[in-house]
Amino acid sequence: MTLSLIDRDGQATIAAAEGQAALASGDTPRAREKFAEAGAILEKSIGGARRQAEKHLLRFLAASQYYHGGNYRKALDLCKKIEQRLLPRETRPLFPQFLQDVRTRASAGYESRVRRELQEHGRRKDHARMLQALQEHPYVLPPGVMAFDRALISQDLKNYQAAALFFADVFRRYPDHPGLVFIAAAIPQRQGKLEEAWDYVRHQLEVLPHPATYVVASLIFFHRGSAAYIEDGNSILKEQVRYFNRAGAGYADLSAQQQANPEMRALMALGFEAVALGRLRHGEVRREEFEGLLRRAREIDPANGEFENNYRLFLDSLNSRPSGTVIARDQEPGRELEERFLFDRESRLLEVLKGTNPVTRELQGAGV
Amino acid sequence: MPNGHVLELSSLRERHPPIGTALLHAFAPAAIIRLSIDPTPQPSGTMSRRAEVDWITRPGTNPAVQVHRDIGWNGLKDLLGRLCVQLPFTVNAQTLTEQAAIGVMALLINDLEGAVLQTVLPIGSGGDYFVLPPRGRKPIQMEVSGIREDSTGTASRARLAQKAEQVLTHSQAGFASVTTFSHKAGPIAHSYLHYVSSRRRKKKGGKKGKKT
Chain A
5 MTLSLIDRDG QATIAAAEGQ AALASGDTPR AREKFAEAGA ILEKSIGGAR
55 RQAEKHLLRF LAASQYYHGG NYRKALDLCK KIEQRLLPRE TRPLFPQFLQ
105 DVRTRASAGY ESRVRRELQE HGRRKDHARM LQALQEHPYV LPPGVMAFDR
155 ALISQDLKNY QAAALFFADV FRRYPDHPGL VFIAAAIPQR QGKLEEAWDY
205 VRHQLEVLPH PATYVVASLI FFHRGSAAYI EDGNSILKEQ VRYFNRAGAG
255 YADLSAQQQA NPEMRALMAL GFEAVALGRL RHGEVRREEF EGLLRRAREI
305 DPANGEFENN YRLFLDSLNS RPSGTVIARD QEPGRELEER FLFDRESRLL
355 EVLKGTNPVT RELQGAGV
Chain B
15 MPNGHVLELS SLRERHPPIG TALLHAFAPA AIIRLSIDPT PQPSGTMSRR
65 AEVDWITRPG TNPAVQVHRD IGWNGLKDLL GRLCVQLPFT VNAQTLTEQA
115 AIGVMALLIN DLEGAVLQTV LPIGSGGDYF VLPPRGRKPI QMEVSGIRED
165 STGTASRARL AQKAEQVLTH SQAGFASVTT FSHKAGPIAH SYLHYVSSRR
215 RKKKGGKKGK KT
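So the sequence lines, in the order shown, correspond to chains A and B. Residue numbers for the first sequence follow the working numbering, so the first one is 5 and each next one is one higher. Residue numbers for the second sequence follow the working numbering, so the first one is 15 and each next one is one higher.
One thing to keep in mind: the hints can contain errors.
Said to hold, decoys possible - Taking lysine to any residue pairs in the SDA-like style, the calculated list, with each CA pair at most 25 Å apart, reads:
#, chain 1, residue 1, chain 2, residue 2
1, A, Lys59, B, Pro153
2, A, Lys59, B, Thr183
3, A, Lys162, B, Asp52
4, B, Lys91, A, Gln165
5, A, Lys162, B, Ala187
6, A, Lys59, B, Gln180
7, B, Lys91, A, Leu209
8, A, Lys129, B, Ala107
9, A, Lys59, B, Ile154
10, A, Lys85, B, Asp142
11, A, Lys84, B, Gly141
12, B, Lys198, B, Met61
13, A, Lys162, B, Gln56
14, B, Lys91, A, Lys85
15, B, Lys91, A, Asn163
16, B, Lys91, A, Leu161
17, A, Lys162, B, Arg96
18, A, Lys59, B, Ala107
19, A, Lys84, B, Thr71
20, A, Lys59, B, Ala187
21, B, Lys91, A, Pro213
22, B, Lys91, A, Asp203
What the hints assert, rightly or not - So the derived list for chain B, only partly shown, Cβ under 8 Å to chain A, looks like this:
#, residue
23, Ala36
24, Asn106
25, Gln132
26, Pro136
27, Ile137
28, His184
These are calculated hints, taken from the structure and not from any lab test. For glycine and all other residues, C-beta sits at the position ideal for the given N, C-alpha and C.
Next comes chain A alone, as it looks inside the complex (with noise of 0.2 Å):
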């Protein structure tokens, strides 16, 4: 047999290396478009081969790219005409699995199979099975929803820079969602471990600095400040500000579509308030920068009505306290006021947001 006539210019190689680099990414489209791209090499070049042995071979390696590309139809049609005897010896072996692997895959019942079962892993959190099942069917679910469940189970096994990576894929495919950045941060934070919150955030940082992320994590910080004493409280309200600053400059550099996304002007309006309401909390803040403040964030999100109530709220604890006073976290009647009522309204968006979330849709959609 002349082997050395398979993929002598090493293009089907090549493609299929750019496939399993897709795939272990995560990022399935291209997967299939570069497996794709290899088996029609080697099937073209089936035409050139003189030996049996040879002809059927490049069937079986170009069934396997189809295969490995989710097209099992295709790695099936090709499979019909492979006769495991004419296969070089060291290759039958691995011939009758494959067969029956592709002819399963290719069965009308295979996807919802997967997805039940799928459901079945994620109802019991068993992550590992979850993961494996992933793994073994990388075409069953949409991408994102593929990414988001990997998230999710990095989340929870406190991987957070997997966790990070694989929300930036989310984020990636829903771009109109910038709220996908806070209900991932919100998990940790919700329950209150800021410290893995923020570890989280950092990575998302690293890995996906949009204005939202700065805003997730300039809200972070003012969670940060509740549970501190005023002493660490003023270096703490600096960060928030900072990156509160950050996802300004940011936000300014969207595009106008951009800076109108519903989402993203709800998380800007949250972050002038958290601003508004840290400043207040450190007694460092002025009526009129106040008032600034959250005029800022009525601007920002007109169509929040919120704003009203929070002026009345706020403006009567503002009056009470002496501007610079410095006082521990256990004397100020105020704090907890304002803890409470930024988590009051980061719920109220989270509630906002799931509702809107792109990957819960595309599960429903999905049947799963």
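Following the hints, put chain B in place on chain A, whose structure we already have.
Below, chain B alone, put in the same frame as chain A:
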């Protein structure tokens, strides 16, 4: 090459033109994980890992010699760092080990034998690969396998025997390569790179199971 010579994974590009870049993207991340993170985490900042290579060169008539090579991943953090974090979630552990073994083999076969890979294609639905060296000459059959952890060395030897057998079922000679990433609980990795030939087997009295 002297013992301890560093074989950089980034050099796959130059070692195996024109498929080297593809090899780098497809197999180097797995090799970095298996060499530096799992199963034997290396101290932060470590950029290479030593591998003991049990090597039988062509024509396979001489006994195995032990050489050492350091496998390095310098300059790849930016290129492959993200993939290294995601891979354990997206690729199953066994496939990851096999991919890592191919990455190591690609360095060793070039460094020790001067061979250049022509084709590395997945075949079948499992973790098997169709590997074809060298370019421009008569192809040599190659069987590659990886083992994540082998505390006694028994599994590695058994896998080598199995791979050598597979080479010789359809070919008179070829390479069997088995890389173990945690070997006999020692700090260094271990690779077998054996040229096996049926001719040598007959000379030795045709003992079954002793092919190397």
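So, going through the hints one by one against the coordinates:
Among the hinted pairs, Lys59 of chain A with Pro153 of chain B is consistent with the structure: their alpha-carbon atoms are about 17 Å apart, no more than 25 Å. Proposed proximity of Lys59 of chain A and Thr183 of chain B is supported: the alpha carbons are some 20 Å apart, at most 25 Å. Of the pairs offered as hints, the one joining Lys162 of chain A and Asp52 of chain B holds, with about 17 Å between alpha carbons and a cut-off of 25 Å not exceeded. A threshold of 25 Å between alpha carbons decides the hint, and for Lys91 of chain B with Gln165 of chain A the separation of about 14 Å falls inside it, so the pair holds.
Between Lys162 of chain A and Ala187 of chain B the CA atoms are separated by roughly 49 Å; this puts the pair beyond 25 Å, and the hint is violated. Of the supplied pair hints, the one linking Lys59 of chain A and Gln180 of chain B holds, its CA atoms being roughly 21 Å apart against a limit of 25 Å. Pair hint Lys91 of chain B plus Leu209 of chain A holds up; C-alpha atoms about 18 Å apart against a cutoff of 25 Å. Restraint check for Lys129 of chain A and Ala107 of chain B: satisfied, since their Cα atoms lie roughly 20 Å apart, inside the 25 Å limit.
Between Lys59 of chain A and Ile154 of chain B, the direct Cα distance comes to roughly 19 Å. Compliance with the 25 Å bound is thereby established for this hinted pair. Only pairs whose Cα atoms come within 25 Å are accepted, and Lys85 of chain A paired with Asp142 of chain B is accepted, the gap being roughly 21 Å. Restraint check for Lys84 of chain A and Gly141 of chain B: the C-alpha separation of about 22 Å stays at or below 25 Å, so the hint holds. A hinted pair counts as satisfied when its Cα atoms are at most 25 Å apart, and Lys198 of chain B with Met61 of chain B qualifies at roughly 22 Å.
Distance restraint check for Lys162 of chain A and Gln56 of chain B: the Cα-Cα separation of roughly 21 Å lies within the 25 Å cut-off, and the hinted pair is therefore satisfied. For the proposed pair Lys91 of chain B and Lys85 of chain A, the alpha carbon gap of about 44 Å is over 25 Å, so the pair is violated. Of the pairs offered as hints, the one joining Lys91 of chain B and Asn163 of chain A holds, with about 18 Å between alpha carbons and a cut-off of 25 Å not exceeded. Pair hint Lys91 of chain B plus Leu161 of chain A holds up; C-alpha atoms about 23 Å apart against a cutoff of 25 Å.
Between Lys162 of chain A and Arg96 of chain B the alpha-carbon distance is near 17 Å, which keeps this suggested pair within the 25 Å criterion. Under the criterion of a C-alpha separation no larger than 25 Å, the hint pairing Lys59 of chain A with Ala107 of chain B is inconsistent with the structure, at around 33 Å. Taking the CA atoms of Lys84 of chain A and Thr71 of chain B, the gap is about 41 Å. The hint is violated against a cut of 25 Å. With a C-alpha separation of about 23 Å, the suggested pair Lys59 of chain A and Ala187 of chain B falls inside the 25 Å cut-off, and the hint holds.
Proposed proximity of Lys91 of chain B and Pro213 of chain A is supported: the alpha carbons are some 19 Å apart, at most 25 Å. Proposed proximity of Lys91 of chain B and Asp203 of chain A is supported: the alpha carbons are some 20 Å apart, at most 25 Å. Given the 8 Å rule on beta carbons, the hint for Ala36 of chain B holds: about 3 Å separates it from the nearest Cβ of chain A. A cut of 8 Å between beta carbons decides the hint on Asn106 of chain B: the least distance to chain A is about 5 Å, and the hint holds.
Taking 8 Å as the C-beta contact cut-off toward chain A, the hint placing Gln132 of chain B at the interface holds, the least distance being around 6 Å. With its C-beta approaching chain A no nearer than about 6 Å, Pro136 of chain B sits inside the 8 Å limit, and its interface hint holds. With a cut of 8 Å, the hint placing Ile137 of chain B at the interface with chain A holds, because the nearest CB-to-CB distance is about 5 Å. Interface restraint check: His184 of chain B against chain A, minimum CB-CB distance 4 Å, threshold 8 Å, status holds.
Hints 5, 14, 18 and 19, counting from the list given before, are not met by this structure.
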